[in-house]
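A.B. asks: Residue strings, one per chain:
There are 2 protein chains.
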Amino acid sequence: MYRTHTCGELKITDVNKEVTLAGWVQTIRKFGSITFIDLRDRYGITQLLFNEKLTEQLDKNPLGREFVLQVSGTVSERSNKNKNIPTGDIEILISEFKVLNKSAVPPFTIQDDTDGGDDIRMKYRFLDLRRNAVKKNIELRYAVNRAARNYLHQHNFIDIETPFLIKSTPEGARDFVVPSRMNAGEFYALPQSPQTFKQLLMVSGYDRYYQIVKCFRDEDLRADRQPEFTQIDCEMAFVEQDDILQMFEGMIKFIFKEVKNIDYAAPVERMTWEDAMWNYGNDKPDIRFEMKIANLKVEGKNYFEGLNKTEFAVFNNAETIVAISVPACSDYSRKQTDELIDWVKRPQIGMGGLAFVKVNTDGSLKSSFDKFFNEQQLKELAQYCKANPGDLILILAGKEERTRKAISELRLYMGGRLGLRKPEEFKLLWVTDFPLFEYDEEGNRWVARHHPFTSPKPEDIAVMINNNPIIENADKYLEHPYSKIKANAYDMVLNGNEIGGGSIRIYQRELQEKMFAALGMSKEESQYKFGFLLGAFEYGAPPHGGIAFGFDRLCAILGGSESIRDFIAFPKNNSGRDVMIDAPSTIDEKQLEELQIKLNLK
Amino acid sequence: MYRTHTCGELKITDVNKEVTLAGWVQTIRKFGSITFIDLRDRYGITQLLFNEKLTEQLDKNPLGREFVLQVSGTVSERSNKNKNIPTGDIEILISEFKVLNKSAVPPFTIQDDTDGGDDIRMKYRFLDLRRNAVKKNIELRYAVNRAARNYLHQHNFIDIETPFLIKSTPEGARDFVVPSRMNAGEFYALPQSPQTFKQLLMVSGYDRYYQIVKCFRDEDLRADRQPEFTQIDCEMAFVEQDDILQMFEGMIKFIFKEVKNIDYAAPVERMTWEDAMWNYGNDKPDIRFEMKIANLKVEGKNYFEGLNKTEFAVFNNAETIVAISVPACSDYSRKQTDELIDWVKRPQIGMGGLAFVKVNTDGSLKSSFDKFFNEQQLKELAQYCKANPGDLILILAGKEERTRKAISELRLYMGGRLGLRKPEEFKLLWVTDFPLFEYDEEGNRWVARHHPFTSPKPEDIAVMINNNPIIENADKYLEHPYSKIKANAYDMVLNGNEIGGGSIRIYQRELQEKMFAALGMSKEESQYKFGFLLGAFEYGAPPHGGIAFGFDRLCAILGGSESIRDFIAFPKNNSGRDVMIDAPSTIDEKQLEELQIKLNLK
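Listed in order, the protein sequences are those of chains R and E. Add 382 to the 1-based position in the first sequence for my numbering, that's all there is to it. Add 382 to the 1-based position in the second sequence for my numbering, that's all there is to it.
By construction, these hints were calculated from the structure, which means they are not laboratory data. Since the model is a prediction, treat every value here as computed from it, not as a measurement. Warning: the hint list may mix true and false statements.
Intra- or inter-copy, both count: the list cannot distinguish identical chains.
Stated by the list, open to error - Once the Cα atoms are required to be at most 20 Å apart in a straight line, the calculated EDC-like pairs of lysine to aspartate or glutamate come out as:
#  : residue 1 : residue 2
1  : Lys463    : Asp815
2  : Lys972    : Glu824
3  : Lys972    : Glu906
4  : Lys727    : Asp815
5  : Lys905    : Asp970
6  : Lys972    : Glu553
7  : Lys517    : Asp501
8  : Lys435    : Asp494
9  : Lys804    : Glu672
10 : Lys642    : Asp541
11 : Lys505    : Glu920
12 : Lys984    : Glu971
13 : Lys465    : Glu757
14 : Lys683    : Asp624
Using the sequences and the hints, build the whole thing.
C.D. replies: This is how it looks when you write it as structure tokens:
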């Protein structure tokens, strides 16, 4: 036993107790002939008082920051109490101490506001993890994990482990593969998700499955992507979409309560994908604030009638014109509106410019295109945009896709500027009725928007079965009946982030075969890759569906952060490297030989 | 909503309720003009009654076993109640039914006593998982998982995920490796255990860590080994061996209580490795029964004095002579003793023969070597072996290692024959004080018996530091001081199976470097492979230790089975293949090109 108590628990009621603590030296303050040391462990910080005699000992063999100490002494009331920490009423009068281990001077300070940059903190991650700021994230992650498990357990879900060494069936993202030594020339793949296995478990009758499980994707890493990531992976049998939405909004609300002590009583809003795109330009809208898009013109069609009467070429030539009414910004200066214009012209946004209308509080209107719109026309426009006095209407015009994306970004940007995206406010949203297919221009073929196991909406099944998937005229793919098919799929959105997504699955062999064919797979290919699933569907597959939550991101958002990396104990950098252990790395020639592979470097 | 209730919950108190159920057809029994169907789901079986009219419908479109049905009807009291199932008091008078999915005739019966062989059940694992016998195993596994998590949570452990894509540092078993595309020519390795990461977490101050986590070993598969397996992986800081033993015998006892409702009140016995080998010939003795080994002669030294007086060449020439006294077998016939002789002569045991002494209940003695031992000599031998009247003393003689192993096997065999290894009796044991090193004849070097991070016993640290690890004379390695060093390591044994093992770790850089050197690693090699850990030890590493439990095996033993495969949802066969999904498999040329590797088949 190295300690009788932790550094976080001693209180005024413990005064006079003989205790032994162990932990790390946080600070050392010499004060005349005595020494104060703050000793830190996972649970807190306790002040130690080294008397004159012990201080003399320390003078001879000085301690340093991060030394590991074991100390014994008497709990004593402090004269100058520290109200900021739970142990702030007491200190320990040290009678004995032992250095359990020394420490070199850390390359950065172990404090909330550390002086260490990203790179050095990644390399010394084991020291970064000591900082309170990081520790809180890791603890929050555990709390979310625990809350999810408890909720799912209460609802009869069963955690069943699915295999990590599976079969490579690349659809979409690349697989990580693992050469097999015992079956030379063959490879396992690491799962991108346990999708097919959880469906098999439904076929097996385990009607409520879950797993908090690592998944793997060999993608070029964008910021905040990790090659290995964690999912809360769930599946249910004998359910329809509504059953799943209710079950899992319940789970997220339970997590809010357990982890953040938030009572999320309001029902979770539901929105179709079409509405989300129309009103927010985005399939994962942040609904903590309104500022919906006004669709003045879409794909050449004037929705705002005032556009029929103008000679403003920019508007007349544009495929799409969209606007947002930003509250309390009608007094923006020229400098401020110029800033916004520069913002939309940045390459990430890529617009040619920005038009605006100031809806002044006195009722007057002032626009950047007064030459082409008179007061009455502006008034009608402001009305169409549902602008209120004091609003600044921002208008973008251009190609449909880019313009819609840009107005969505601008909305988020303005929301952020105005402080409407409060990190401690949480707003959930279900987005439903996604398109089943997306058109892949390069391959002139359909790809599954969610994945190939997603069922079409019941009313669209006939459309799928009765039409040939072949796209005769690539330019007119939007006219193909497949482009109209809706998926029985849903995403859960939290504060503008997709935190989970799922679908009702196909469970009939014929429909699944039709889906594989629609995606351009030959019979042989679908049989080779997914024969086991097609086979399973012949032996009494029940209707089923499920969802997977991005666990890393969920934790990050609950922790009020944008970065998932802060919530992973040992993350990789943007090149997929673990710079602490220096992985990946070369391996022995002998290992390659045993695996019967060799390098083939370009 | 596909159902209002499950097939396991309706009782006599539900009579007259209108209900909807969904599930699988277990059996169909036509009874005159009506039909009984047993409908099965995860929760149980409910009897359905189809009236005359519906039976006519069934006649036109017959159902089959494993069809998926949705049925609605009224709960009704049964006339012939079935006391064997919880729903046996009621049946459902069906008013409506719908076939949700058909089923082909399954390749084996979905029953406890299935007619399917191993291979077919592996191929159709999704059907095998429907069988109650398998479902019970999967449910037990979840119960063990849940109990372990709850216990560890109550004791302040925190679940922290460690990475799966790490660095290859083969020591002992082979790593599975994963070629990196973004860092071509380099490889990740899949973890054989999270050992170094959990130690880093101790350095980071997370003083109680756990994880239930997949680990990977590319070994030639013996029966009941899996390339991927699951550990309950734990580590604690500021602890000594006794703290760990107490904490984790508490965990196993908690699991006994939660999962099997067993109150394991007795303290867990502790035994040194030396005692285990001496008394049981085995480092994981099954202590559900006594039958300890009598060591008559060990490595040439007579412990039983009677051996000094005999002219029995077999005994005189043997290096080691060991015996067990098997109760209530003194009346074994010639045929029975011959059977035992054959048993020890099998190649797996490899002994030349077996001597025996019958200690008859009337006090007389009869041996297989009466020519060499008179009555008095036999009496002394029986006394030395602590034999009781009615015992059959079985004696093996030969080379120390083989003979000790053989007597250990014979003891287990006789224990099994006598019904002393009761599957529902659970007996825990800690084995401690293992040798730190084993001698590797091939390499003429020391290898770590547990792993290179295990600390020597405190009293042996000086022996390790002050002696050169080089073995000058390979024949006399036992005389090298390193062969006497004991490890601060411990195994938990349950009914003769090692279910967990761990150690107090090295936490000082110098000692860890000495250990790597002792194992024949150069400075460069140890720096390349474990530099991050050596580095971490410089920044205030606390004393720490831990343990890992083989989760699959723990579940199997609790489930009363010898085979871990029965407790894994989707196991691999002895060639490391998943025969259901057919993995591993070949991958596309394009994938190989992207990874910049190629096949190099011999």
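A.B. asks: So, for every hint listed, does it hold in this structure?
C.D. replies: Hints versus structure:
In this homomeric assembly, Lys463 and Asp815 never come within 20 Å of each other (Cα to Cα): the closest approach is 59 Å inside a single copy and 48 Å across copies. Proximity of Lys972 and Glu824 under a CA criterion of 20 Å is satisfied inter-copy only: 17 Å between copies versus 42 Å inside one chain copy. For a Cα distance limit of 20 Å, the shortest separation of Lys972 from Glu906 across copies, 19 Å, qualifies, whereas the shortest one inside one copy, 37 Å, does not. When the C-alpha separation of Lys727 and Asp815 is checked against a cutoff of 20 Å, the pair qualifies neither within a copy, at 33 Å, nor between copies, at 71 Å.
In this homomeric assembly, Lys905 and Asp970 come within 20 Å of each other (Cα to Cα) only across copies, at 17 Å, whereas the closest approach inside a single copy is 41 Å. With identical chains, the CA atoms of Lys972 and Glu553 are at most 20 Å apart between copies only, with a shortest distance of 14 Å across copies and 33 Å within one. Taking identical chains as interchangeable, the C-alpha atoms of Lys517 and Asp501 lie at most 20 Å apart only when both belong to the same chain, with a minimum of 18 Å there against 49 Å between chains. Taking the shortest Cα distances, Lys435 and Asp494 never come within 20 Å of each other, neither inside one copy (33 Å) nor across copies (76 Å).
Proximity of Lys804 to Glu672 under the C-alpha cut-off of 20 Å is restricted to the intra-copy arrangement: shortest distance 13 Å within a copy versus 69 Å between copies. Taking the shortest Cα distances, Lys642 and Asp541 sit within 20 Å of each other only across copies (19 Å), while inside one copy they are farther apart (25 Å). For a Cα distance limit of 20 Å, the shortest separation of Lys505 from Glu920 across copies, 14 Å, qualifies, whereas the shortest one inside one copy, 52 Å, does not. For the homomeric pair Lys984 and Glu971, the shortest alpha-carbon distances inside one copy (19 Å) and between copies (15 Å) are both at most 20 Å.
Taking CA atoms no more than 20 Å apart as the test, Lys465 paired with Glu757 passes in neither setting, with 61 Å inside one copy and 86 Å between copies. Taking the shortest Cα distances, Lys683 and Asp624 never come within 20 Å of each other, neither inside one copy (35 Å) nor across copies (78 Å).
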